[in-house]
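Peer 1: Each chain, letter by letter, is given below.
4 protein chains.
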Amino acid sequence: MSGIWGNKIKISIFGESHGRAVGINIDGLKAGILLDIDYIKNEMRRRAPGDNEFSTPRKEKDEFVILSGFFEGRTTGAPLCAIIYNDDKKTEDYEKLKNTMRPSHADYTGYVKYNGFNDYRGGGHFSGRLTAPLVFAGAICKQILKAMGITIVSHIISIGEKKDKPFDSVNIEEDVLKIMENKDFPVLDQQSGFLMKEVIAGAKGQKDSVGGVVETAVLGIGPGIGEPFFDSVESILAHLIFSIPGVKGLEFGAGFDISRMHGSKANDEYYLDNGLVRTYSNNNGGILGGITDGMPIIFRTAFKPTPSIGRPQRTIDIETRKNVEIEIRGRHDPCIVPRAVPVVEAVTAIALLELITRSESKCI
Amino acid sequence: MSGIWGNKIKISIFGESHGRAVGINIDGLKAGILLDIDYIKNEMRRRAPGDNEFSTPRKEKDEFVILSGFFEGRTTGAPLCAIIYNDDKKTEDYEKLKNTMRPSHADYTGYVKYNGFNDYRGGGHFSGRLTAPLVFAGAICKQILKAMGITIVSHIISIGEKKDKPFDSVNIEEDVLKIMENKDFPVLDQQSGFLMKEVIAGAKGQKDSVGGVVETAVLGIGPGIGEPFFDSVESILAHLIFSIPGVKGLEFGAGFDISRMHGSKANDEYYLDNGLVRTYSNNNGGILGGITDGMPIIFRTAFKPTPSIGRPQRTIDIETRKNVEIEIRGRHDPCIVPRAVPVVEAVTAIALLELITRSESKCI
Amino acid sequence: MSGIWGNKIKISIFGESHGRAVGINIDGLKAGILLDIDYIKNEMRRRAPGDNEFSTPRKEKDEFVILSGFFEGRTTGAPLCAIIYNDDKKTEDYEKLKNTMRPSHADYTGYVKYNGFNDYRGGGHFSGRLTAPLVFAGAICKQILKAMGITIVSHIISIGEKKDKPFDSVNIEEDVLKIMENKDFPVLDQQSGFLMKEVIAGAKGQKDSVGGVVETAVLGIGPGIGEPFFDSVESILAHLIFSIPGVKGLEFGAGFDISRMHGSKANDEYYLDNGLVRTYSNNNGGILGGITDGMPIIFRTAFKPTPSIGRPQRTIDIETRKNVEIEIRGRHDPCIVPRAVPVVEAVTAIALLELITRSESKCI
Amino acid sequence: MSGIWGNKIKISIFGESHGRAVGINIDGLKAGILLDIDYIKNEMRRRAPGDNEFSTPRKEKDEFVILSGFFEGRTTGAPLCAIIYNDDKKTEDYEKLKNTMRPSHADYTGYVKYNGFNDYRGGGHFSGRLTAPLVFAGAICKQILKAMGITIVSHIISIGEKKDKPFDSVNIEEDVLKIMENKDFPVLDQQSGFLMKEVIAGAKGQKDSVGGVVETAVLGIGPGIGEPFFDSVESILAHLIFSIPGVKGLEFGAGFDISRMHGSKANDEYYLDNGLVRTYSNNNGGILGGITDGMPIIFRTAFKPTPSIGRPQRTIDIETRKNVEIEIRGRHDPCIVPRAVPVVEAVTAIALLELITRSESKCI
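Protein sequences appear in the order of chains Z, Y, S and H.
Heads up, the first sequence is in numbering that gives the first Met the number 0, so the first residue is 0 and it goes up one at a time.
Heads up, the second sequence is in numbering that gives the first Met the number 0, so the first residue is 0 and it goes up one at a time.
Heads up, the third sequence is in numbering that gives the first Met the number 0, so the first residue is 0 and it goes up one at a time.
Heads up, the fourth sequence is in numbering that gives the first Met the number 0, so the first residue is 0 and it goes up one at a time.
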């Protein structure tokens with residue numbers, strides 16, 4: 000079941016880092032949706048490895064081919080499957096490492112789970128490359144949400160110890176959105192962004208890597224979306240967010256900070272604003288009882304540092320069962336956070352479209 | 000779909016705070032499991048409102064009746080349904096509040112979602128009382144896991160600003176487990192526990208409430224459990240953890256702290272310990288690529304303060320559409336965290352049994 | 000997973016013939032539906048064992064208790080759970096048979112599957128009594144469908160070798176519907192019904208039993224409901240129909256007869272009837288490519304004879320592993336078909352509401 | 000949800016008759032299974048249109064490309080996706096028919112469901128071509144079942160009015176299996192086969208088509224597989240069988256005939272045969288209470304005649320909303336039954352592997 004998710008919008012992913020292709024089959028899209036292919040390409044580009052200091056020089060073109068469910072520019076209602084061929088393979092880089100388990104990668108856990116039959120090259124099915132089809136699917140869902148007036152926006156709120164200012168959780172301005180959308184390194188405060196980039200460059204210089212946190216807001220979503228208990232907005236979002244490789248924490252609204260508050264401060268009091276129900280604060284991140292309350296959905300996703308680092312590390316050889324040392328050469332991002340931004344947005348879009356579609360159809 | 004979860008171990012909950020009963024139907028339990036009814040009763044007691052300073056004086060007996068799937072002391076393999084009758088109803092307390100939306104409760108979101116037809120009494124289906132059947136199901140799953148050598152243990156790591164020391168993530172001693180199990184207010188450091196209780200008493204004295212964080216460890220789980228991507232251990236656990244009312248954050252291993260680390264510190268290096276694969280650190284919380292690596296699973300769950308507080312709050316009347324004020328009288332916990340501990344453990348047990356059962360049955 | 004079904008309208012059944020109660024939890028009903036309790040009671044009565052010659056003298060009252068999801072006469076949107084207590088237990092009748100496997104019952108297969116831990120009394124979870132909660136859920140779904148203008152009607156088309164005339168598949172008249180609804184033994188041709196009853200009486204007189212076929216029509220369902228392939232109307236209906244104990248065959252439209260036709264006769268040619276698309280014939284039973292075409296849905300369900308017969312039969316003792324003989328005493332229907340009619344209609348209603356609800360919510 | 004099925008062995012299909020490719024993603028296969036590619040190719044060939052008198056001259060090569068989940072000759076445990084490119088397109092044949100609804104095809108129902116946005120060419124996603132990926136997946140499942148000692152075998156039991164003799168439901172000999180496996184037109188009685196082929200040739204000569212019935216047996220499956228109620232063997236098999244285009248009926252064991260029997264004849268009495276539990280007859284088709292009893296599973300699937308016939312037919316133009324006439328030219332099978340045999344076997348294999356895998360993993 001590793002690769003299938005959803006109830007109304009079902010996605011089914013496949014592929015390995017060094018296999019023929021990675022891809023995704025999307026089931027449940029309404030017929031007749033005009034797809035903006037350039038928009039999808041731009042989303043793919045945001046995730047693709049670039050040529051700046053933050054990302055691997057590996058040049059994946061990430062060009063997708065739609066195999067089905069798309070006819071004369073529109074969705075047909077049938078499953079829409081897209082694949083992305085793998086073409087820049089340096090398989091031999093990885094074969095040497097076959098039995099040397101890279102620390103904090105899935106080499107060891109994949110070996111155990113699949114009895115050594117997993118495709119180990121470049122992480123195989125565990126590779127971050129599998130996020131490319133997620134971004135493809137997310138780009139379609141984002142278009143559909145946008146047509147409903149729903150926008151998803153993110154910024155990098157921290158890299159290592161360096162922090163950006165947070166979103167104003169009750170009032171995110173329109174022009175902020177537009178600025179964020181066209182940035183490869185989205186931050187609210189440019190000076191903070193400069194310091195964050197320095198942290199990444201520093202890590203890279205030391206053959207090291209660094210983690211960070213992405214803050215995401217969903218604007219324009221009305222109240223009443225989601226379910227109590229097992230299909231709460233938090234549950235559904237968390238399910239997909241934690242399926243992104245490298246995610247280790249997730250908090251909604253004030254998150255861990257709310258646990259340190261008293262109720263009198265934490266509670267989001269209501270008021271009517273020209274007939275519209277709003278809250279003075281938004282410590283619950285727009286979700287109460289698992290259901291949206293009409294305020295922006297706010298959450299933060301914590302990413303660990305890229306596990307691939309050039310420094311020597313202690314590990315084991317799984318075949319000889321001996322303690323050994325490893326130095327990972329290859330080409331790796333010193334920080335995956337900038338490329339993770341569109342991935343977080345993509346799964347957010349998929350999750351929300353799923354929830355909205357479910358909410359639409361409670362039977363009469 | 001709000002109330003059904005799972006694939007191998009399917010649970011289906013129902014009930015409202017002031018209806019006839021709350022309950023759960025559990026599908027997928029193997030036939031022939033001898034149930035320790037006293038153990039289940041004790042788990043229910045841990046969650047039930049008590050008579051100490053931390054919990055509501057409302058006396059729910061939480062006595063369960065097993066309706067099916069249980070015969071001559073053992074599971075039959077057929078669905079096991081249990082119900083808990085509601086018997087201490089003060090419905091009139093709530094009727095007065097019918098149209099006055101309690102801040103940070105699900106009154107408003109439930110009203111919108113269900114077009115005003117939801118059972119509003121005591122939060123209705125959104126009530127924390129629905130966690131009683133979860134604890135029932137969790138107690139069965141914990142027994143089954145225990146027979147496999149898997150233990151789940153938690154402590155309160157913070158209340159407000161007061162903190163307990165964290166678990167030693169690579170080495171949790173057996174006697175720690177036993178001590179935690181019999182405590183109503185489980186902490187590792189007794190002095191910290193004393194300070195936390197003071198915080199709760201202080202909040203109560205001010206007609207206020209306070210939040211906190213629960214830290215949980217799963218011991219004895221072998222490597223290879225879980226799936227890449229959508230059914231990662233983190234995804235499945237997060238799905239259920241975020242379905243607990245009041246949860247606003249979740250982090251695995253070093254969690255948000257790992258985002259501030261460099262890879263050279265964050266990576267969990269391997270070594271062989273008498274043939275057993277272990278890691279020197281456990282910043283990934285026992286999970287890599289969504290799959291267990293054999294180290295303890297460690298995670299922390301952030302709870303918001305109880306939204307019901309005695310102080311006046313600003314809100315709206317949903318019928319008259321006017322700004323009003325509310326003072327919640329009733330009887331409420333100043334802090335739900337102590338009673339949430341067995342709930343976190345229960346859903347953890349359900350999630351892990353689901354994952355283990357899935358892993359067992361990859362087909363040949 | 001034995002007891003949970005559905006995607007939008009999720010049902011979860013539980014109970015054994017001689018346990019405390021049987022019941023069902025229904026998830027996914029819209030809030031605010033006014034339930035006609037008398038209608039539900041009447042549907043339950045149609046399935047309940049009566050005092051005529053066709054059914055067991057066992058007097059089950061089949062009185063249901065709604066535990067949740069129902070408030071002030073209406074659904075709340077939360078899971079609606081109802082239970083029916085078991086009160087007329089003659090457990091000792093069954094204990095004697097514990098190890099003697101009744102032919103064509105599930106005694107042996109249940110024993111193997113559950114390693115002998117199943118509740119064997121009266122068939123346990125395999126009992127036809129579990130169809131009572133299905134009829135409860137179906138009665139709610141039928142009400143909802145009726146409000147949409149959709150009617151489900153059935154008649155007994157054969158008992159043993161005796162046949163009723165079939166429905167006119169392109170034109171079922173309104174008054175036929177009304178006549179069927181109030182009958183315990185619904186047939187189109189009264190003389191045929193008389194002969195069928197004679198067959199049943201004859202079987203009863205010989206301590207034997209007899210099977211039969213139910214024909215069902217769904218009227219008023221528009222075109223466009225259903226999905227290609229795995230969620231075709233036929234697939235979804237078949238899934239639930241074959242979950243009814245005793246069903247061994249199912250055919251849509253002309254069914255097995257269509258396999259004997261040439262295309263030129265089998266094809267349902269279209270014409271416009273005052274702007275409405277209709278077909279001259281209805282050999283496809285209102286379904287093409289898994290999707291409704293607006294003509295009546297027509298299908299026939301074949302039931303085997305009640306396996307419980309008073310005659311001596313050869314079988315085995317599962318404990319002593321010896322060939323033995325069995326004479327089933329107890330009280331049993333000589334023919335389950337009349338009581339099966341409301342069960343077929345109930346699962347049809349559940350399946351169609353599921354499909355209609357899915358169709359409503361293809362996302363934009 | 001049209002294209003996703005399963006719980007343990009999840010399949011997700013995609014594609015249209017005249018799009019780029021059709022394909023399937025299979026999730027849940029155990030790692031390390033050695034695939035016999037030649038066996039898969041042979042199964043594909045059985046379904047592919049041939050050059051004999053029964054099938055369309057359209058030459059689809061049906062060459063599959065495995066994109067993922069397959070490494071060094073074995074499954075990796077990750078999703079296995081395979082595609083089959085479409086290369087022999089005569090799109091213009093179909094464009095002319097765009098608005099002329101072919102009787103008994105899914106043109107009209109697809110048009111309504113997808114608001115006219117469906118890919119209409121060659122039936123689009125409704126095309127029988129989508130059964131090619133099903134046969135691919137089935138061939139893998141058949142291999143896995145074969146390694147467990149489970150064999151699936153079918154023959155054509157009738158074409159039009161001409162009948163083959165049925166399987167001996169209690170004793171199917173090994174050499175019968177081998178003979179069936181290598182036949183393009185599998186029948187038990189060669190003379191019957193000759194008459195059936197004449198019926199097909201006759202229909203073809205009259206620009207007509209004809210239907211038929213396939214009988215299938217599953218041998219070597221032990222008792223205890225399946226579930227009561229919603230996941231009965233009959234329910235799961237029926238779900239997939241009725242998803243095959245053209246299926247209109249399905250019966251297990253004696254099927255519709257059992258409805259005409261008395262219990263004393265219908266009941267399958269048990270006996271011990273050298274310690275093995277067997278039944279003297281097999282009117283229940285190897286399934287009791289939804290669970291296998293160890294006897295062969297026997298069922299029959301009724302196919303309608305190919306809807307595409309060369310004769311003039313009455314229909315409507317969906318754009319002009321007028322009654323019109325249609326003569327379908329193109330190239331079409333006069334009888335799909337021979338090519339349907341491997342499709343029935345494929346979905347049977349998928350369904351059984353799903354059920355067996357579920358049964359293996361009831362948790363302890």
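Calculated directly from the structure, the hints in this document are not laboratory data.
Keep in mind that the hints are not guaranteed to be accurate.
Not everything, but these chain S residues come out facing chain H in the computed CB check (under 7 Å) [unchecked claim]:
hint : residue
1    : Asn-41
2    : Asn-98
3    : Ser-191
4    : Ala-200
5    : Ala-202
6    : Gly-204
7    : Ser-231
8    : Ala-237
9    : Glu-250
10   : Phe-255
11   : Tyr-269
12   : Asn-273
13   : Ser-280
14   : Ile-308
Ranges of calculated distance between the beta carbons of each label pair, as one might list FRET restraints [to be verified]:
hint : chain 1 : residue 1 : chain 2 : residue 2 : range
15   : S       : Met-147   : H       : Glu-173   : 53 to 59 Å
16   : Y       : Asp-272   : H       : Asp-37    : 56 to 62 Å
17   : H       : Met-147   : Y       : Asn-41    : 40 to 46 Å
Once the Cα atoms are required to be at most 25 Å apart in a straight line, the calculated PhoX-like pairs of lysine-lysine come out as [as the list claims (entries may be wrong)]:
hint : chain 1 : residue 1 : chain 2 : residue 2
18   : Y       : Lys-162   : Z       : Lys-206
19   : Z       : Lys-97    : H       : Lys-162
20   : Y       : Lys-203   : Y       : Lys-145
21   : S       : Lys-206   : H       : Lys-264
22   : H       : Lys-29    : S       : Lys-264
23   : Z       : Lys-97    : Y       : Lys-264
24   : Z       : Lys-264   : Y       : Lys-182
25   : Z       : Lys-264   : Y       : Lys-264
26   : Z       : Lys-264   : Y       : Lys-203
27   : S       : Lys-264   : H       : Lys-162
28   : Z       : Lys-177   : Z       : Lys-164
29   : S       : Lys-321   : H       : Lys-264
30   : Y       : Lys-203   : Z       : Lys-196
31   : Y       : Lys-206   : Z       : Lys-264
32   : Z       : Lys-321   : Y       : Lys-321
If you're wondering where the values come from, they're calculated on a predicted model, not measured in any experiment.
Yeah, the Cβ is synthetic: ideal placement off N, Cα and C, and Gly gets one too.
Peer 1: Are there hints from earlier that the structure breaks, and if so, what are their numbers?
Peer 2: 1, 2, 3, 4, 6, 12, 13, 16, 18, 19, 20, 22, 24, 25, 30 and 32
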